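There are 2 protein chains.
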Amino acid sequence: MEKDDFDLQNFLPYLLNQAAEESSLAFQKIYKDRYGILRTEWRVLFHLGIYGRMTASEIGDRSKMHKTKISRAVQKLTERRFLTRARDDGDRRVEHLELTTAGEAAYRDLRGIAEVYNGRLDDGFSDEEMRVLRVALRKLAGMG
Amino acid sequence: MEKDDFDLQNFLPYLLNQAAEESSLAFQKIYKDRYGILRTEWRVLFHLGIYGRMTASEIGDRSKMHKTKISRAVQKLTERRFLTRARDDGDRRVEHLELTTAGEAAYRDLRGIAEVYNGRLDDGFSDEEMRVLRVALRKLAGMG
DNA sequence: AGTTAACAGTTGATTATGTAACTAACAATA
DNA sequence: TATTGTTAGTTACATAATCAACTGTTAACT
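So the protein lines, in turn, are chains A and B.
FYI, the numbering used here numbers position 76 of the first sequence as 76, with every residue one higher than the one before it.
FYI, the numbering used here numbers position 68 of the second sequence as 68, with every residue one higher than the one before it.
No wet-lab data here; the hints were simulated from the structure.
Just so we're clear, the structure is a prediction, and the values are computed from it rather than from any experiment.
Do not rely on the hints blindly, as some may be mistaken.
Put simply, identical chains are the same to the list, so a pair is met inside one copy or across any two.
The calculated SDA-like cross-link candidates involving lysine to any residue, where the alpha carbons are at most 20 Å apart (straight line), are [unchecked claim]: (1) K29 with A86; (2) K139 with R80; (3) K76 with R131; (4) K32 with D5; (5) K3 with M54; (6) K67 with L25; (7) K139 with E129.
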């Protein structure tokens, strides 16, 4: 049937992208419907929820998101009163970001959902398969 | 160091996305620099290169890309003379897409690069690890 | 001190994407 | 042959991502 036997499904960048999109679809719907936030905003929220007080640059280093994305996500989350910004005393270029009570609540809510969601994705794989998968993905993501 | 022990690196949608982005970065640079095309266009090009003559809908079914994306990618590729469109005689809604000689050449060039590139990504994993990885990704991508 | 470079973060212009509404063609049924 | 529904593909509008240029601040070097 095929004209050329190159297999897109074995081309890792393509396959990874398909898996990433498919697997994030339902979760995306949840944070969108429930809080009206975007993927970028969700990520910033989670970084602050997990690591506590951080600067935009630190979030950028960890997440590899571009700084303009982060800047705009921070703006949105500030408008929604999910985080507060505080200038650093020593270095006035730097801003420390921290979740508000409302931001914390949203984070914990979504975190709970993420855990359940993640558990569902894990189903269907053995422990060993999951281990191999995680190690491989971390390596591919450059966090090996 | 952490405030909350939820691990983003174990949250599959996030981890998959990181791996997908990181792993496609260098390849993306190549098709962008060399042919000035986008990811969507690259995908359409590959579908036609692999399967030969196809319609936009068929590409959509296989790739799960949205039809508007495909429509615009086809326009761009047509402008660049990488493909030709031909109305179906029996059903005049349908358009058959086919690569031109130039499109074929671009496909073969990129296909070769993709193969080498994919091989490099595979390095560092054992055969068994790669097998598990591919099976898992296919399942997650809904192509189980 | 004065100049230059580097850095944190923002903004603006361009480009890409998603959603919904649309056109044109075909199919099914009455 | 009307009517209604469905399909292939496009377009318009609103939203989001990207890139480069920008402000304000600190660091480094002379």
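Please list, smallest to largest, the hint numbers that this structure does not respect.
The structure conflicts with hints 1, 2, 3 and 4, although it agrees with all the remaining ones.
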